[in-house]
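Asks: Kindly produce the complete structure, drawing on both the sequences and the hints.
Line order of the protein sequences matches chains A and B.
Note that the first sequence covers residues 1 to 273 in our numbering.
Note that the second sequence covers residues 274 to 573 in our numbering.
Keep in mind the hints are simulated off the structure, nothing from the lab.
Computed from a prediction, not measured in an experiment: that's the story for all the values here.
Ideal Cβ positions, reconstructed from N, Cα and C, are used throughout, including at glycine.
Be aware that one or more of the hints could be misleading.
What the hints assert, rightly or not - Now the in silico label distances, taken between C-beta atoms and shown as ranges: (1) B/ALA561 / A/ILE8: 24 to 32 Å; (2) A/LEU70 / B/ALA476: 53 to 61 Å; (3) B/THR297 / A/PRO48: 51 to 59 Å.
What the hints assert, rightly or not - When the alpha-carbon atoms are kept at most 27 Å apart in a straight line, the in silico DSSO-like pairs for lysine-lysine are as follows: (4) A/LYS10 / B/LYS378; (5) B/LYS327 / B/LYS350; (6) A/LYS129 / B/LYS321.
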Amino acid sequence: MNKTARSIPKYIALMLLSCFFLFPVAWVVLCSFKPQSELFQLPLSFIPRTWTAGNYTFALSQSNLLTNILNSGVVSVTSTILAVIINTMSGYALSKYVFRGRNMIFGVMIATLMIPLQVTMVPIFLQLKSLGMLNTLWGIIIPPAATPTGVLLARQYMQTLPNSMIEAARIDGAHEARLFVRIILPLSKPIVATITIFSFMWRWNDYLWPMIVITNNKLQTLQQALAGFVGQLQISWGSLLAMTTLSMFPVIIVFFAFQNYFMTGISAGSVKG
Amino acid sequence: MKHLRRKRLKGNFNQTVAPLLFLTPNMLIFVIFIIIPAFQGLRMSLMKWSILGKPTIVGLQNFQRLLEDKVFWITIKNTVVYSFFTVILVTVISLLLAMLLYQNKLRGEKSFRSIFYIPSLLSMIVVGIAWRFILGDEMGIINYLLRTIGGSGAGWLTNATLAMVSVIFVSLWSQAGYYMVVMISGLQAIPLELYEAAGIDGATPIQTFFRVTLPLLRSTILVVVVLSTIGAFKAYELVKVMTNGGPGYATKFIVQQVYQAAFVEDRMGYASAMSLVLMLIIGVFTIAQFKMTGGEQDYE
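Replies: Shown next, in the form of structure tokens:
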């Protein structure tokens with residue numbers, strides 16, 4: 001038996017598994033283009049018999065959906081920019097400086113991994129309240145930007161950068177901040193990309209943070225809007241599927257544009273959060 | 274002399290003040306939004322606390338109540354059952370998927386990895402909605418297909434046992450690809466020579482798997498086990514949209530119960546006591562993870 005023939009059963013297995021992983025996504029996307037009347041019309045058909053964008057126009061006109069998408073976008077982008085800046089700064093400090101308390105600070109940051117939002121949501125709610133951050137987008141932008149995993153990734157990566165360059169720049173009289181911006185950041189592009197991608201995905205998909213911070217309809221994010229739709233007595237599936245499809249696409253596009261960073265990011269830190 | 278002092282001052286700035294300044298924004302957020310709330314949570318668990326009333330210290334009363342709270346114990350039991358099955362199955366399945374795809378030999382291997390990874394990109398809300406649509410009693414496609422081939426369909430989300438099975442199944446669907454990537458990086462770190470040596474010694478593939486692959490993959494498997502355990506104990510969004518904890522309390526987990534006690538029933542002290550129990554469980558697993566993995570190589 002030659003090599004190609006032997007790999008045929010493996011290919012069949014992989015194809016079936018692909019169907020399993022892709023079917024739910026494909027089914028939601030395809031059904032979102034069916035008219036409401038066809039959605040549950042027997043026999044069900046995989047490909048819509050009539051294609052329509054009606055669910056989308058209906059969803060966009062009926063609810064605050066456009067506002068919700070905009071909120072999600074603003075929060076994800078702003079929080080990601082902030083996360084990249086402050087996480088790489090911390091990673092740099094913890095990898096390229098020797099100072100007293102360094103290990104302790106790093107230890108504390110790692111320890112915060114042990115305290116996920118799920119266990120501190122009650123006091124965090126009160127904290128945000130006393131800071132006047134409830135029902136503001138800042139409340140979901142600032143706190144989650146400081147992810148311990150982001151610091152961990154940046155630190156790990158920057159440790160591999162050569163010290164000689166930093167010292168050479170210092171001898172040339174470069175200021176520390178300038179050194180970071182002009183030399184360290186450009187050398188750290190891969191890790192900046194990784195943190196950007198993961199942070200964007202986490203913030204876009206986030207539900208619990210917004211749930212604690214936001215009650216005002218106008219400030220709700222897309223995920224909140226989706227969950228709100230499900231909570232109704234009569235789910236109007238047509239527009240819900242359209243909204244769900246809209247929520248899936250940004251992350252899938254980002255994923256296919258930056259696939260390699262995703263894979264290295266997970267392998268490097270086994271990141272999640 | 275003056276020159277020297279200035280130089281030393283500058284050296285001090287470079288080596289101590291600069292890094293602290295770099296660390297400040299991150300540390301501020303950590304302190305304000307993680308560390309202070311964590312201690313505040315400890316304090317609150319000993320108090321009766323509602324949003325408008327004046328907080329009063331009640332000692333261990335909240336914890337006493339917890340012991341007698343039947344729903345709380347049900348949610349603990351549900352979370353443990355869910356975590357147990359999810360962790361074991363996701364570990365085995367992600368390892369199997371990784372075994373199929375780690376060698377970089379097959380054409381299209383990368384594309385398959387990406388496809389298996391796609392569910393991990395979606396928010397749990399989206400995952401829950403998609404599967405609720407698929408598993409629905411009357412109009413879901415699974416029951417439709419079952420009826421077409423002569424079956425009768427099942428209450429995937431409305432029967433207590435089946436609902437738990439469905440939630441576990443959907444968790445596996447959504448996480449397997451993520452842990453597969455972790456497993457692949459572990460498998461790729463095993464030196465090829467070891468496999469060659471095993472081949473020369475005439476080991477069967479099954480022997481090789483148990484004698485070479487599994488022992489060398491130990492730390493990766495531990496990472497997957499610990500990460501998925503923590504993830505499972507935090508589960509909330511998926512059940513929120515798939516079953517809303519139902520039918521009855523069949524799929525209600527700890528986090529949902531905490532949320533309800535705090536923000537629906539306004540019993541914030543009591544909810545904090547519950548959180549504390551959850552924090553203990555998660556803390557034990559996180560410490561275990563760092564003991565087992567980061568310990569040697571990365572953690573100074």
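Asks: Run through the hints listed earlier and report the numbers of any the structure violates, in increasing order.
Replies: 1 and 5
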